[in-house]
Amino acid sequence: MKNALTIAGKELAQYFVQPVAYVVMTVFLLLGGFFFFELLSYFQIILQMYSAAQNPQLLAHLNLNDRVIGPLLHNLSIVLVILVPAVTMRTFAEEKRVGTYELLLTAPIRTGEIVAGKFIAASAFLLIMIALAGIFPLILVAFGNPEIGVMVSGYLGLAFLAISFAAIGLFTSSVTQNQIVAAIAGFGALLLLFVISWPAQTGAAGWSAGVLRYLSITDHFSQMVLGIIDTKDIVYFLSLIFVALFLTQRAVESARWR
Amino acid sequence: MIEVKNLTKLYGNFTAIKDVSFKAERGSILGFLGPNGAGKTTTMRIITGYMPATAGTVLIDGLDIFTQSLEARRKIGYLPETPPLYTDMRVEPYLRFVAKLRGVTRSKMDAALEHALEVCGLVEMRGRICGQLSKGYRQRVGLAQALIHDPQVLVLDEPTIGLDPRQIHEIRGLIKDLSGDRTVVLSTHILPEVSQICDRVVIIADGRVVLEEKLSEIPAGTSLEQVFLDAISKERHATHAEDEETLEEVGAGRA
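Chains as they are written, first to last, in my numbering: chain A, 1 to 258; chain B, 1 to 255.
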């Protein structure tokens, strides 16, 4: 564990030495700000329309969680599909290319510790970034009265989503020494996880539809955005992380028996 | 002590090294000599546990590098062919990072760091970014990371490559000083290097050991160059034309 933290510390420092961290954070927060502003403007228009219609029932249904925070989180989750592979692509691929992989693999540490260290660093970075995006709901709290519990649940969902993505990104980076290949493979895998439940809506029925829905990251994430924290969803995210990290560990370890 | 027993490594169906055996005693420097593509780097990578052998074993002070890998790796300091530097890190944090990975405790950290910087002539370079160092200094940082944890066994893959004559002289002196009660294996294709600092020489060509001898046993008057060329040409005559082709393949693969 000590070794994992040593590696995590080094990795995290490297994120901030290289411009990657700043670029990724800037893009994420700028786009987040843009979505937030647009969603709020739209909210205001609807509010005015409903007020003009003088329909108290419609007005009662209108709330900030459904109209602003929910869509914002969904938009940010799509931004993460593109940004997370960019963050994780160099983790293993770069070490192989530069030759430092030889240093890591000949050091007296376990491959599991290498993988854990890199995962901790990528997760910490993404969590910092998501925490910074917490400014948006804080603005709402300051000027309106959204439901805080639902927002916390949604952000928790986004955090789980991000670190699951990181685990998958680590895996695609561990099987290649080319960063671009790692990024594109990661992007493809994440996008597939997003859309994998589509056949369930268009034709697949019965157990296959159930399986596809279960595999879809969107379905689990949506539940949390709605404010429902279910063990089923948490288990899904944790098993996704576990499987991806296990495969990564195998991929790194394979250098020792190939 | 390093005992290499009957190592064979196949890449696909290409034989990189075949039945390589030799012993490096504690307190001595073993020169691992051979033309480009002879299998020096492959052998060193197997010794340090970076990759497994197809057949054969390596014992580091009696510990098997495959089955007792962690314990065996703890004893080794390794300078790969290209110094394994994180190009965006500064020298001092880089060395601290490597030292931590290799198990240097916090109380010994500063002393180990200062010692490594001192002996490798890096004291003034400690604040520099690794990626901006010249090749010679990169090589020194590579050496510093190999010996920072005071290992019993040092494996150095072409340690003096890319250095200017003065630095070569310094590094050779350094390696000689280091040997003490350690086991040092260094690979090179520079012949005078072996005669200057090594106690024993192992010559490998086409992935096979063609000569293993104490330098003192080489008859006076014969230059090492003569021994080397003799050993290699004997091997050439002995092996088949097919092997000649495989040697070329190695060269092409490396390039």
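Careful: at least some of the hints might be erroneous.
Derived pair list, reagent style SDA-like, types lysine to any residue, alpha-carbon separation capped at 25 Å [said to hold, decoys possible]: (1) B:K214 / B:D199; (2) B:K75 / A:G206; (3) B:K75 / B:P35; (4) A:K2 / B:K214.
Okay, the calculated beta carbon distance ranges per label pair [as the list claims (entries may be wrong)]: (5) A:F37 / B:E92: 17 to 25 Å; (6) B:K135 / A:W198: 22 to 30 Å; (7) A:L31 / B:K135: 20 to 28 Å; (8) A:L132 / B:S21: 57 to 65 Å; (9) B:E71 / A:L31: 29 to 37 Å; (10) B:D150 / A:V195: 39 to 47 Å; (11) A:L5 / B:S216: 48 to 56 Å; (12) A:A13 / B:E225: 45 to 53 Å; (13) B:V123 / A:P19: 24 to 32 Å; (14) A:L132 / B:D181: 29 to 37 Å; (15) A:N178 / B:K135: 39 to 47 Å; (16) A:A13 / B:G62: 37 to 45 Å.
Beyond 12 Å from chain A on every Cβ pair, some chain B residues (computed) [unchecked claim]: (17) R45; (18) E71; (19) E81; (20) D88; (21) D230.
Simulated from the structure, these hints should not be mistaken for lab results. Quick reminder that beta carbons are idealized off the backbone N, C-alpha and C, glycines included.
Status of the hints after comparison with the structure:
With a C-alpha separation of about 6 Å, the suggested pairing of B:K214 with B:D199 holds against the 25 Å cut-off. Straight-line distance between C-alpha atoms of B:K75 and A:G206 comes to about 59 Å, which puts the hinted pair past the 25 Å bound. The hinted pair formed by B:K75 and B:P35 fails the criterion: a straight-line CA distance of about 28 Å is larger than 25 Å. Distance hint between A:K2 and B:K214 is unfulfilled; the C-alpha atoms sit about 43 Å from each other, more than 25 Å.
Distance hint check: the CB atoms of A:F37 and B:E92 are about 45 Å apart, inconsistent with the given range 17 to 25 Å. Judged by the Cβ atoms, the range 22 to 30 Å given for B:K135 and A:W198 is violated: they are separated by roughly 54 Å. A beta carbon spacing of about 43 Å between A:L31 and B:K135 contradicts the range 20 to 28 Å that was offered as a hint. At roughly 59 Å, the beta carbons of A:L132 and B:S21 sit within the given window of 57 to 65 Å.
For B:E71 and A:L31, the Cβ-Cβ distance of about 50 Å falls outside the hinted range of 29 to 37 Å, so the restraint is violated. In this structure the supplied range 39 to 47 Å is violated for B:D150 paired with A:V195, their Cβ-Cβ distance being about 55 Å. Checked against the hint of 48 to 56 Å, the C-beta distance between A:L5 and B:S216 comes to roughly 49 Å, which is consistent with it. Hint check: A:A13 to B:E225, Cβ distance near 48 Å, so the stated range 45 to 53 Å holds.
Between B:V123 and A:P19, the C-beta spacing of about 30 Å keeps the proposed range 24 to 32 Å intact. For the pair A:L132 and B:D181, the beta carbons lie near 54 Å from each other, so the given range of 29 to 37 Å is not met. In this structure the hint that A:N178 and B:K135 lie 39 to 47 Å apart at CB is violated, the actual value being about 25 Å. Distance hint check: the CB atoms of A:A13 and B:G62 are about 38 Å apart, consistent with the given range 37 to 45 Å.
With a least beta-carbon separation of about 7 Å from chain A, B:R45 fails to lie farther than 12 Å from that chain, contradicting its non-interface assignment. A beta-carbon of chain A is positioned within 12 Å of the beta-carbon of B:E71; the least distance is around 8 Å. Non-interface call for B:E81 relative to chain A: violated, since the shortest CB-CB distance, roughly 8 Å, does not exceed 12 Å. A beta-carbon of chain A comes within 12 Å of the beta-carbon of B:D88; the shortest separation is about 5 Å.
Even its closest Cβ contact with chain A, about 34 Å, leaves B:D230 beyond 12 Å, as expected for a residue assigned away from the interface.
Consistency with the previously given hints fails for numbers 2, 3, 4, 5, 6, 7, 9, 10, 14, 15, 17, 18, 19 and 20, ordered from lowest to highest.
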